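Peer 1: Keeping their order, the protein sequence lines are chains A, B and C. When the letters of the first sequence are read in order and numbered with the working numbering, they come out as residues 1 to 387. When the letters of the second sequence are read in order and numbered with the working numbering, they come out as residues 1001 to 1199. When the letters of the third sequence are read in order and numbered with the working numbering, they come out as residues 2001 to 2291.
Take the hints with a grain of salt, since some may be wrong.
[Stated by the list, open to error] With a Cα cut of at most 30 Å, we get these calculated DSS-like pairs of lysine-lysine:
{"#": "1", "chain 1": "B", "residue 1": "Lys1182", "chain 2": "A", "residue 2": "Lys4"}
{"#": "2", "chain 1": "A", "residue 1": "Lys3", "chain 2": "B", "residue 2": "Lys1073"}
{"#": "3", "chain 1": "A", "residue 1": "Lys4", "chain 2": "B", "residue 2": "Lys1160"}
{"#": "4", "chain 1": "C", "residue 1": "Lys2286", "chain 2": "B", "residue 2": "Lys1181"}
{"#": "5", "chain 1": "B", "residue 1": "Lys1073", "chain 2": "A", "residue 2": "Lys4"}
{"#": "6", "chain 1": "A", "residue 1": "Lys368", "chain 2": "B", "residue 2": "Lys1073"}
{"#": "7", "chain 1": "C", "residue 1": "Lys2159", "chain 2": "A", "residue 2": "Lys51"}
{"#": "8", "chain 1": "A", "residue 1": "Lys3", "chain 2": "C", "residue 2": "Lys2151"}
{"#": "9", "chain 1": "A", "residue 1": "Lys3", "chain 2": "B", "residue 2": "Lys1119"}
{"#": "10", "chain 1": "A", "residue 1": "Lys386", "chain 2": "B", "residue 2": "Lys1102"}
{"#": "11", "chain 1": "A", "residue 1": "Lys49", "chain 2": "C", "residue 2": "Lys2159"}
Everything labelled a hint here was simulated from the structure, so no lab data went into it. Every value quoted in this text rests on a predicted model; they were computed, and no experiment measured them.
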Amino acid sequence: MVKKVIYGNHAVSYGARDSRVEVIAAYPITPQTQVVELLSEFCASGELKAKFIKVESEHSAMAACVGASAAGARAFTATSSQGLALMHEMLHWASNARHPIVMANINRAMGPPWSIWTDQNDSIAQRDTGWLQFYCSTNQEVYDTTIQAFKICENDKVLLPGMLILDAFVLSHTSEVVDMPPQEEIDEFLPPYEAKYKLDLDDPRAFGGLMFPDWYYELKYKQHRSMEKALKIIEDVGREFGERFGRYYGLVEEYRIDDAEIVLVVSSTVAQTSKEAVDLLRKEGMRIGLVRIRTFRPFPKEKIRKIASKVDMMIVIDRNISFGSEGVFYTETKAALYNEKSRPPVYGVIIGLGGRDVRVEDIMNIAKKGKNNKLEINKINWWGVKL
Amino acid sequence: MEKTVKKRRIFLMEEIKMYEVRFHGRGGQGAVTAATILADAAFHEGKDVQAFPMFGVERRGAPVAAFMRMDTKPIDIKTQIYEPDCVVVLDPTLMSVVDVTKGLKENGKIIINSSKDPKEFNLGKGKVYTIDATEIAIKHGLGTKTNPIVNTAILGAYSKAVGNVKIESIEEAILQNAPRKKEENRKAAVEAYEKTRGE
Amino acid sequence: MKLTIPEEELMYEGTVDCQGCGAGLAMRYALKALGKRTFVVIPACCWSIIAGPFPYSSLQVPLYHTAFETAAVVSSGIKAALEIKGIDATVMAWAGDGGTFDIGIQSLSGAAERNEDIIYVCYDNEAYMNTGIQRSSATPYKAWTTTTPRKYPKARPKKNIDEIMVAHEIPYVATASVAYPEDFIRKLQKAKNIKGTKFIHVLAPCPTGWRSLPEHTIKLARLAVQTCIFPIYEVEDGKYKINIKPKNPKPVEEYLKLQGRFRHLTEEDIKEIQEATNRKWKKLLKKEEFF
Ligand SMILES: Cc1ncc(C[n+]2csc(CCOP(=O)(O)OP(=O)(O)O)c2C)c(N)n1
Ligand code: SF4
Ligand SMILES: [Mg+2]
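Go ahead and model the full structure; you've got the sequences and the hints to work with.
Peer 2: Below, the structure is given as C-alpha cells:
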C-alpha cells in the first residue's frame, strides 16, 4: 500500500495505470494535461505497458479508443470541456457500439468566453449519449472510481462506456492524500478485460452496419436496460471495493440524514464543502443532512425517493444550467419524485458557474434561507449573481 | 456572511486546528512546489493536507500564489483560502505589487525572503520573520544568480517560524519531491532553519 | 534613421506573453503589415491569452476568439459576411502550430480547397505551449516535450505543412521568421493583394517551451534559417522562390545547443539531424530550379 499526496489529475493517471489500461489515446487540454503527461511518463518508463496514441484531436482520441475497444483492448482517455464537446459524435458511437471505454472528464466551463474553471455544463451536455457518469468529490474517490469504472463498465450486464468526472482545479490541481493498494490486490479486484464481442479473425463478424427500423428500436431498449442494470452493478462493485480496500462507494453518499428535516442534494466538490456547512448548522440546532449524487447516469431515482419520503424539504444545488429550463440535478430530482404520493417541496439553487468559489458560508446561508421559507419555489434561485 | 464566520470561530474555538498558509511568488519560482512539499511533510506527521495553486493562468515572471491547508482531522472543505494563518513571500519585490497580508489573521505570521531585519518591515499586522533564502539558494547551487530557486530554503524558515511542521519532516519531503539536487535542497532548508530571524 | 518597417503600432504594450516570446513579436509585425482594416480570428492557443482577458484586448483591430479547430472556417464565414455587405477588408486567421498542423487541418484544408479569400498565418512554436508544452506534429525530430519525455523524444520528423498547402494549389504559400521582419512584412503585404487563400508560416521561438533564454529568441529565429532547418521561401502560383539563401549554412548544432529541449541529443542524433536538414535543403533547391 502506498499513501501519497498527489494532484487529482495524477490520481486519474495512477488509477489508469493500476487498472492496467492497454490503449490510451488522448489530446491535451487545460486542466487535464497532467493526466496525460504522467501517463506518457508511465509508458516511457515501462511502468505501464500500454500503447499511447498521441492523436491530433479529441474526436480522434475517442475514435481511437473505439477502435481499440472494438479489437478487445481496455481503452482509456481523459479530456475536458471543449474537448469533450468535440468528441460528441464518438461518445454516441462508443455507447451505441457497447464499448466499455473509461474516460476522465475534468469539469470546465464551456466557452466562449474562454474559461478554464469548473462547472458541470460540459459533462451535463453529454447526458444523453449513453455513458455512465460518476461525479467525484475527493482525489481518493477519483483514483478509486477509475478502477471501479472499468469493472462496472466491462460487466456483461452493462457493457457501456463510463465517465468519471472531477472539478477543474478544485480537484484536478489540488494535492490530497491518496491511498493506493498494492497492484496484486487491484489485479484480483479487476482482472484483465476479456471482450465478449470483438473483431476476431476466428469469428469474423461485422459491427455497426445499417439497421432497419425493425430492430434499431430493440437495441435502444437493450441499451437502456443495461443502464438500469448498472444501478445494481455499481452498488455491488462499490461494496466489493469497500470489502477489499475499506472504502465503500455507491450511487449516492448520505451524510447526517437520519433525523434530517432538510436535505441538500449536491454533487462533486461542492458536496465536500457542504458537509462542513451541515456540521456547523447542526451545531446551531438545524436538523439538516445532505445527499451527494455520485452516479448521475444511471440516475438513482429509487434512492432519491426513499430519502425524500422522510424529509420536509429538499434543496438541490446545481453547478450547471440547462438554459431555458433550470439546474439539471434539480430537474431530475423533481422528476424522480413527481409520481410519489407524498413528497417534500424541492428548491433549486444555481451556484458557482465558471468556477466561482463556493464557500461554507454560501451553503449555510442557502440552508437558512430554505429553512426560513425565503427560497423561491418553482423558480431558479441564482446564488450570488451580481446582476 | 461576516457574522456567520465570526460566530463559527467563537463557537468552535477549541476545535479549530486547521492551519492555512498562502505562498506568494512569481511564475516559475516554484511556489506551488513549496506548498506541495510542505503538505507532504505535514502528511508524514499524520495530518490531513491539501495543497493547490491559485486557480489561474500562470506565466513566467507574473505574480502567483499557492496554498496549503492542514488539519489533525480529515479536511472536507474545498474552498480557496481567504484568511491564512501564515503567509510566505518567496520574492520580496512582489510586496509593492501584491497586498501580501490580505486576509492574514491578526496574530498570523509572515515569512519573507529578505536579507533585512524583520523590524524593517512595517506591515501593520502579523509577526514578521526573515531569511535570506536567495543567498542560501545561490550558495547551494540552486538555480542561477538571476533566477535562484528559493522554494526549499524558505520551507526551512517556515519550520522555524511556525513550528507546526518539523524540519526533519521537511527534509524528508524535500528528498522525496525535489526533481533534482535533492541533497543541496535539503541542506538549504536546514541552513535557512538555523538562520531565520524573528521580530 | 529610416525605418524599414511600418511605424504604426496596432498592438498595445504590456501584453502577458512570456519574456522573449516570438509569437508576440510576430503579431506586432503582422498588424503593421496589414493595417487597420483587418479582422483577426484566433483559435485556442497562447495568443488567446496574449490577446488579453475580459474586458481587455491587446489588438486595435476587431478580434474574434474561436474554437481550437475552426480558425480557417470561421474566417471564411467572416469574409463571406463582409463580401455580402460590401465591406472591403482583410481577414486574417492567426493560429498556432497545433491549431494548424493538427486539430485545425481539416477546416484549413477545406478552406484552401475552396480558395477562400483569407490570409492564414500559422505562428509556429513547435508544440502546444498554451497547455504546457505537449508535442504537436510540428515538433521537430528528437525534441523533448512533456508528452515526449527525454527517454522517448519525438520519434518522427516535423510535418511539412508548407508542401501540404502547396499541394492545395492555392495562390500563395510562404514561410517567414521573426528574425527577418522586412521579409515577413513584405510577404503579408503581398498576400493582402492576392485573392484567394494565402498561407504564411512564421517560425516563432518560445523560450518557455524551447527551454531557451529570452534574449536568444531572435538569434534562434535567425539560426534556424542560417542552418537551413527552417528555410525561408515562397510559392506563388506554384512557382518556388527561396528568399534567404545562406551561402555557407551553419552547422545545425549551433541552433540545437542553445535549446534545453534538445539537451539530451547525442552526437549521433545531431549528425542525423544535420543529414536530414541537408537532404531537405537540397530538395528545396531543386524545386526552385525546376518549378
Ligand atoms: C477542442 C479543444 N481541445 C483542446 C483544447 C486545449 N488547447 C487550448 S490551446 C492548445 C494548444 C495550442 O497549441 P498551438 O496551436 O500550437 O498554439 P500555442 O499554444 O503553442 O501558441 C490546446 C491543446 C481546446 N481549447 N479545444
Ligand atoms: S509559452 Fe511560448 S508562445 Fe506562449 S506566450 Fe510564452 S513564450 Fe510565447
Ligand atoms: Mg504551438
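Peer 1: Please go over all the hints and tell whether each is borne out by the structure.
Peer 2: Now the hints, each set against the structure:
no.: 1; hint: Lys1182(B) x Lys4(A); verdict: holds (19 Å)
no.: 2; hint: Lys3(A) x Lys1073(B); verdict: holds (17 Å)
no.: 3; hint: Lys4(A) x Lys1160(B); verdict: holds (25 Å)
no.: 4; hint: Lys2286(C) x Lys1181(B); verdict: violated (51 Å)
no.: 5; hint: Lys1073(B) x Lys4(A); verdict: holds (17 Å)
no.: 6; hint: Lys368(A) x Lys1073(B); verdict: holds (26 Å)
no.: 7; hint: Lys2159(C) x Lys51(A); verdict: holds (22 Å)
no.: 8; hint: Lys3(A) x Lys2151(C); verdict: holds (27 Å)
no.: 9; hint: Lys3(A) x Lys1119(B); verdict: violated (42 Å)
no.: 10; hint: Lys386(A) x Lys1102(B); verdict: holds (23 Å)
no.: 11; hint: Lys49(A) x Lys2159(C); verdict: holds (28 Å)
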